[in-house]
Amino acid sequence: AVVPSEITGALDSAMLDISSALSLDIPGLSPWQYRKAGRIVNNMRAAGYSTDAATAICRALFGDPADTDQHLRKAFKLFDKNKNGYLSVSEVKHALPLMGEDVPTSRVNKLFQVVDRDGTGEVSPQEFVRL
Numbered sequence: 166a167v168v169p170s171e172i173t174g175a176l177d178s179a180m181l182d183i184s185s186a187l188s189l190d191i192p193g194l195s196p197w198q199y200r201k202a203g204r205i206v207n208n209m210r211a212a213g214y215s216t217d218a219a220t221a222i223c224r225a226l227f228g229d230p231a232d233t234d235q236h237l238r239k240a241f242k243l244f245d246k247n248k249n250g251y252l253s254v255s256e257v258k259h260a261l262p263l264m265g266e267d268v269p270t271s272r273v274n275k276l277f278q279v280v281d282r283d284g285t286g287e288v289s290p291q292e293f294v295r296l
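Under the numbering used here, the first residue of the sequence shown is numbered 166, with each subsequent residue one higher.
Hints are supplied without guarantee of correctness; some may be wrong.
Unchecked claim - List time: in silico DSSO-like cross-link candidates among lysine-lysine, alpha-carbon distance up to 30 Å:
#1 K258 <-> K248
#2 K258 <-> K242
#3 K246 <-> K258
#4 K275 <-> K246
#5 K275 <-> K258
#6 K248 <-> K275
#7 K239 <-> K275
#8 K275 <-> K242
#9 K239 <-> K258
Unchecked claim - Just the calculated beta-carbon pair ranges, DEER-fashion:
#10 P196 <-> D283: 30 to 40 Å
#11 D267 <-> P196: 11 to 21 Å
#12 Q291 <-> D217: 19 to 29 Å
#13 Q278 <-> T216: 13 to 23 Å
#14 G284 <-> G193: 36 to 46 Å
Just so you know, the hints here were simulated from the structure itself, not pulled from any lab data.
From the three backbone atoms N, C-alpha and C, an ideal C-beta is built for every residue, glycine too.
Could you build the full structure based on these sequences and the hints that come with them?
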């Protein structure tokens, strides 16, 4: 049987994602988490981030819960482009696709409003955890 190119392309993409994630050394990931972690690594590399930066994001999302706070702080700093200690809407819009999230702008704005509990128009490190 001939497999349509869309299917083989999707399979190739999934295998590339999983292959990229295998180097992260994060034990206990499910197949879905490996694919998601690989997508994050590939997205971040394509955007010019280092493998260490991508690994920090993956560890924050999928790593040992005991170390999550440390990795979330590192992830927050990576996305805080202007280094003011907060994330703006544009910084969040930049971060989500890197983390493999395909979120329309209108939903990002809504998500931002929900997460920005104090209404400052910026996301603090404490609010970032809710993303």
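#### Entry: 11 to 21 Å as the expected CB spacing between P196 and D267, which holds or is violated
holds, 20 Å
### Message
Assuming the hint says 13 to 23 Å, is it satisfied by the Cβ distance from Q278 to T216 or not?
### Response
violated, 34 Å
### Query
If you draw a straight line from the CA of K239 to the CA of K275, is it 30 Å or shorter?
holds, 25 Å
### Message
What's the verdict on K239 and K258, does the C-alpha distance respect the 30 Å limit or exceed it?
### Response
holds, 18 Å
### Query
Within a Cα-Cα threshold of 30 Å, do K246 and K258 meet the stated pairing?
Holds - the C-alpha atoms of K258 and K246 are around 12 Å apart, at most 30 Å.
### Query
Holds or violated: K275 with K258, Cα cutoff 30 Å?
holds, 12 Å
#### Entry: Pair hint K248 and K275, alpha-carbon separation not exceeding 30 Å
holds, 24 Å
### Task
Given the range 36 to 46 Å, decide if the beta-carbon distance of G284 to G193 lies inside it.
Because 38 Å falls inside the window, the suggested range holds.
### Query
Cβ-Cβ distance between Q291 and D217: within 19 to 29 Å?
The hint (19 to 29 Å, Cβ to Cβ) holds, given that Q291 and D217 are roughly 25 Å apart.
#### Entry: Restraint check for K258 with K248, where alpha carbons must lie at most 30 Å apart
Between K258 and K248 the Cα gap is close to 16 Å, so the pair holds against 30 Å.
#### Entry: Hinted pair K275 and K246, Cα distance within 30 Å
Distance of about 21 Å is within 30 Å: holds.
### Task
Take a quick look at whether K258 and K242 sit within 30 Å of each other, Cα to Cα.
holds, 15 Å
This entry does not satisfy hint 13, going by the numbered hints stated previously; all others are met.
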